[in-house]
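**Q** Got chain A sorted already, so can you dock chain B onto it with the hints?
Quick note, the sequences are listed as chains A and B, same order.
Residues 1 to 130 in the numbering used here are what the first sequence lists, from first letter to last.
Residues 1 to 171 in the numbering used here are what the second sequence lists, from first letter to last.
In case anyone wonders, no lab produced these hints; they're calculated from the structure.
Keep in mind that a hint or two might mislead.
As the list claims (entries may be wrong) - Here are the simulated DSSO-like cross-link-like pairs (lysine-lysine), alpha carbons at most 30 Å apart as the crow flies:
id : chain 1 : residue 1 : chain 2 : residue 2
1  : A       : Lys-45    : B       : Lys-48
2  : A       : Lys-45    : A       : Lys-5
3  : B       : Lys-40    : A       : Lys-5
4  : A       : Lys-45    : B       : Lys-151
5  : A       : Lys-111   : A       : Lys-42
6  : A       : Lys-45    : A       : Lys-111
7  : A       : Lys-111   : A       : Lys-5
8  : A       : Lys-5     : B       : Lys-155
9  : A       : Lys-42    : A       : Lys-5
10 : B       : Lys-40    : A       : Lys-45
11 : B       : Lys-155   : A       : Lys-111
12 : B       : Lys-151   : A       : Lys-111
13 : A       : Lys-45    : B       : Lys-155
As a plain string of letters, each chain reads:
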Amino acid sequence: MIGGKDIVIPAVGSPASLDACARVVQRQWPHARFENAETGEKYSKYGDIPFGTIRHLLAYPNEAAEALWDADSPDSPVNSMLYLILSEQSVTAVLDDPTAGEMPGILEGIKTMMEMEILNTAAVCDPEAA
Amino acid sequence: MSQSSAEILEALLRRNGLRWMIDMYAPRDQAIPAYVDLLKRIEPEYRKRCGVAVSFSPEALQAEAERNPHKVQAFLQLLRPDRSPAMLVMVWRVLQGLSIREVVMNYRERDSFRLSFTLAGIGDSGQDQLETYQSTDISDAALVRHLGVTKVAGKPLFDGFYALRLYDRKQ
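For reference, chain A alone in the conformation it holds in the complex (with noise of 0.2 Å):
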């Protein structure tokens, strides 16, 4: 079973805040693979992943950490996978320990992500005013 270490991150509760998390986790484990949370739908790759219809993600760093949770075995390593859920406000990471491995790098870059003036920023489209 995953920790349960849940690290909550202010965020704009929208797809593309999911999506810069995904990019993050694909930096740092270039072979991720996705699943959505709540329906088990699996996604072999971060462009396979319908950002509009999930809050719920689970990232695997790879096809074997995947397959070890897959057969709900006790063998699965130490942040073998990380829960994301997003919120109106915020993206929660759920995960085993935010010291050990890639995860500092992980939970570091959705940090700074989600801290990006183009997903914090709205600009007025307005013709007539220009």
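**A** Below, chain B without anything else, positioned relative to chain A:
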């Protein structure tokens, strides 16, 4: 161009706060045909560079908008009738997950402009596959403002293309 394609694209633009792209085009009634034509020109460019066929028809974009509305919105915001198809392919490749390995921009007042993106994806062999896209059209500088800009361990990172969060007061 079928009427339905035009209607689909117009609805997509309106739904994404981009009605101004139609209203500001002259002549206005040629806006949608110009954008549909641009979308058609992206397809052979994509096939040439990536070796696979991908549809950029309004119908395909509408279908993708059901799955990834934020990606389609970012892509639509970057449509301009004079935008080079190659640079739009580059944007789509980043939206598909390729990383941005290098960006070079060089500008000389009233003389020259050059923008180059090098993207990296993982090939079948597991090795990085690089793709380079270049433009000498200064209007492509607008692409840069859609980049995700961040740092990793204090080092610079461009990651992803994102839609500007536009609010059209006329919608």
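**Q** Hints first: check each against the structure and report whether it holds.
**A** Taking the hints in turn, this is what the structure says about them:
{"no.": "1", "hint": "A:Lys-45 with B:Lys-48", "result": "holds, 23 Å"}
{"no.": "2", "hint": "A:Lys-45 with A:Lys-5", "result": "holds, 25 Å"}
{"no.": "3", "hint": "B:Lys-40 with A:Lys-5", "result": "violated, 48 Å"}
{"no.": "4", "hint": "A:Lys-45 with B:Lys-151", "result": "holds, 24 Å"}
{"no.": "5", "hint": "A:Lys-111 with A:Lys-42", "result": "holds, 25 Å"}
{"no.": "6", "hint": "A:Lys-45 with A:Lys-111", "result": "holds, 22 Å"}
{"no.": "7", "hint": "A:Lys-111 with A:Lys-5", "result": "holds, 16 Å"}
{"no.": "8", "hint": "A:Lys-5 with B:Lys-155", "result": "holds, 28 Å"}
{"no.": "9", "hint": "A:Lys-42 with A:Lys-5", "result": "holds, 24 Å"}
{"no.": "10", "hint": "B:Lys-40 with A:Lys-45", "result": "holds, 27 Å"}
{"no.": "11", "hint": "B:Lys-155 with A:Lys-111", "result": "holds, 15 Å"}
{"no.": "12", "hint": "B:Lys-151 with A:Lys-111", "result": "holds, 10 Å"}
{"no.": "13", "hint": "A:Lys-45 with B:Lys-155", "result": "holds, 26 Å"}
In this structure, the one hint that does not hold is number 3.
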